Amino acid sequence: MITEMNGFVDTQQGLLDRQIFSSDEIYQQELERIFARCWLYLGHESQIPNPNDFLATYMGEDPILLCRAPDGRIRAFLNMCRHRGNRVCRADQGNAKDFMCSYHGWTFNTEGKLIGVPGMKEIYFGQLDLDQWGLVEVAQLDTHRGLIFATFDSKAPPLLDYLGGQEQELGIMFDRRAGGTEVIGGVHKWVMNANWKYAADNFFGDDGHHTITHMSVRSVPVDDRFYARTNDDGPDARDRPLARVPEGIVRDYHQEHFDELVERIGPELAKRPGLVTTVFPNVSPNFTRNMIRVWHPRGPEKTEIWSYCVVDKDAPPEVKDAMRLHLTQTFGPAGNLEQDDMNNWVQCTDTARGLIARRYPQNIQAHMGHEDKSGPIGGGKRLRAFYTRWEMMMRAGSWSEVDLQTKYY
Amino acid sequence: MRGVYGIEANTLKALLDGLQDTMGHDLWHEVQDFLIHEARLLDDRSFDEWLDLFTDDVVYWMPERVNPLDSNDPADSVSKPGDLALFEDTKDTLRTRVARLATGMAWAEVPPSRTRHLITNIQVDTGETESEIRVRSNFLVYRTQLEHSHDTFVGMRDDTLRKVSGQWKIARRTILLDQAVLSAPNLSVFF
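Chains S and W are the protein sequences, given in the same order.
So the first sequence is numbered by our numbering: it starts at -17 and just counts up by one.
So the second sequence is numbered by our numbering: it starts at 1306 and just counts up by one.
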């Protein structure tokens, strides 16, 4: 059942209906109209450099196997045996020529082909068409600056069109050096009882929460090596290059290569203090924290968080170490800043269940009528833009109804 | 391969192989008393006193857990030194964490979690130097907060204890939580 989206998002008034954070019906529609159609982030090329490298991830609630085929092409499939539905791979990542389902032994290669079925003669009398029963492949897969995206919608616009103006912005984090970026081993994975949109909209544009949510690190700064001046939010900080990069070895490194950055992405983008955003719907890069964050939805009131550390491939080892340690100290489940985000989102989600609470809309009016004062990358207008895109995807029966030029970023 | 604080890859192998428990009952009881005292400090939220139990050069490390391909070796279920870890702390950063909790504005701990650290399966073995011993223990940490929130953290710790001026201090702590995907919103408690 498709819900008419009337009245859920009012960007003119800056109001949001709380049901969008708790309704199962709306959540099911999100899976169909957002997660089954949009380009979703699957991983980083550096995680599967060699033929037959693979990693397991998710698109929405669907488990995905991301593979580097023997011919070097990157392919992505549902991690689901076509026979009865068992996962064909149980490992997080590795290198394998093929995957044998542990139920009846159907075996698939890294190109998704069904290459073996026990009892082909005795049970199927040679009549099973192996070509018909390969792994379900994504409709489109593409990479951008090392980032791997895919969609299950064959009609989705090309990735570059989908990214729109964000494509250039991503250069701030992923195009600083000639060697590009790489993901360091180890993924923070944890679950919170909060709607995925709280996290995604927070990274996209809720820069008004820093002062209060992360108040404690203002009075007890994580030391210079780790602290990224999150609270240095004075009006000029927005325009100061590297203003939020931690002092010491990491800032020195970025300073040293600043001219290279200007050459690569141009002075305007290079001089931005950083990049914190969300590529709709659920991947949030954060330059200052050296982090890519994915918000996997797990129902209207649950989100599984996967968080990766990303560094310049060409950076010296001691800089990469400092970047990783900065991330560990600030973000991730034990991060001194991020610990405090979770309970907020959990409780925002929790109150959205209340019948009376749902009669009262949420307020996303920050900077309304004063958009020019909110700086180039922040302010309430971005929250309103996020929900404009969200509502557009939820309404649209087809991509022709989606205007990717709408002020999303 | 070494991590930034000198965590060696082969320490994992050694700790997962288990310890010999060769040190005799008097020492074992002494170590148990120490660990129970430490657990009580944590549950009483006496974090400053808890910090005093660590040497100044402590490495406090909690790697990730992973699902390996085709391996029965428990060491392969642990992320490597140099990988992104859940905790990778020094005495200084632990001190910062404690100071932050004391601000009253670290919202993850407002109001404070109520915790129980249950420490079991203690094994004591010789250390790398004469003044050190290796101690392995299992833990179950129950944390509840607010009205309904509750988390259970289960895992093991591999400690190096060092005698400093007649007192045991924790010179190295490696913590393995058993979950690969934590079913908790944060790790705002200590282990």
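Honestly, the hints are just simulated from the structure, not real lab data.
Treat the hints with caution; some may be incorrect.
[Said to hold, decoys possible] As a list, the in silico BS3-like pairs of lysine-lysine whose alpha-carbon atoms are at most 30 Å apart:
| hint | chain 1 | residue 1 | chain 2 | residue 2 |
| --- | --- | --- | --- | --- |
| 1 | S | 295 | W | 1385 |
| 2 | W | 1468 | S | 79 |
| 3 | S | 137 | S | 95 |
| 4 | S | 137 | S | 103 |
| 5 | W | 1396 | W | 1468 |
| 6 | S | 79 | S | 295 |
Keep in mind that this is a model prediction, so the values were computed, not measured.
Item to check | Hinted pair residue 137(S) and residue 95(S), Cα distance within 30 Å | outcome: 24 Å, holds
Checklist entry - Would the pair residue 79(S) and residue 295(S) pass a check requiring their Cα atoms to be no farther apart than 30 Å? => result Within the cut-off at roughly 27 Å; holds.
Item to check | Restraint status (C-alpha distance of residue 295(S) to residue 1385(W) at most 30 Å) | outcome: It holds: about 19 Å lies between the C-alpha atoms, which stays within 30 Å.
Checklist entry - Is the straight-line distance between the alpha-carbon of residue 1396(W) and that of residue 1468(W) 30 Å or less? => result Roughly 17 Å between the alpha carbons, so the hint for residue 1396(W) and residue 1468(W) holds.
Next on the checklist: Run the distance test for residue 137(S) versus residue 103(S): straight-line Cα separation, threshold 30 Å.
Outcome noted: 39 Å, violated
Checklist entry - Would the pair residue 1468(W) and residue 79(S) pass a check requiring their Cα atoms to be no farther apart than 30 Å? => result 52 Å, violated
The structure fails to meet hints 2 and 4 from the earlier list, while all remaining hints are met.
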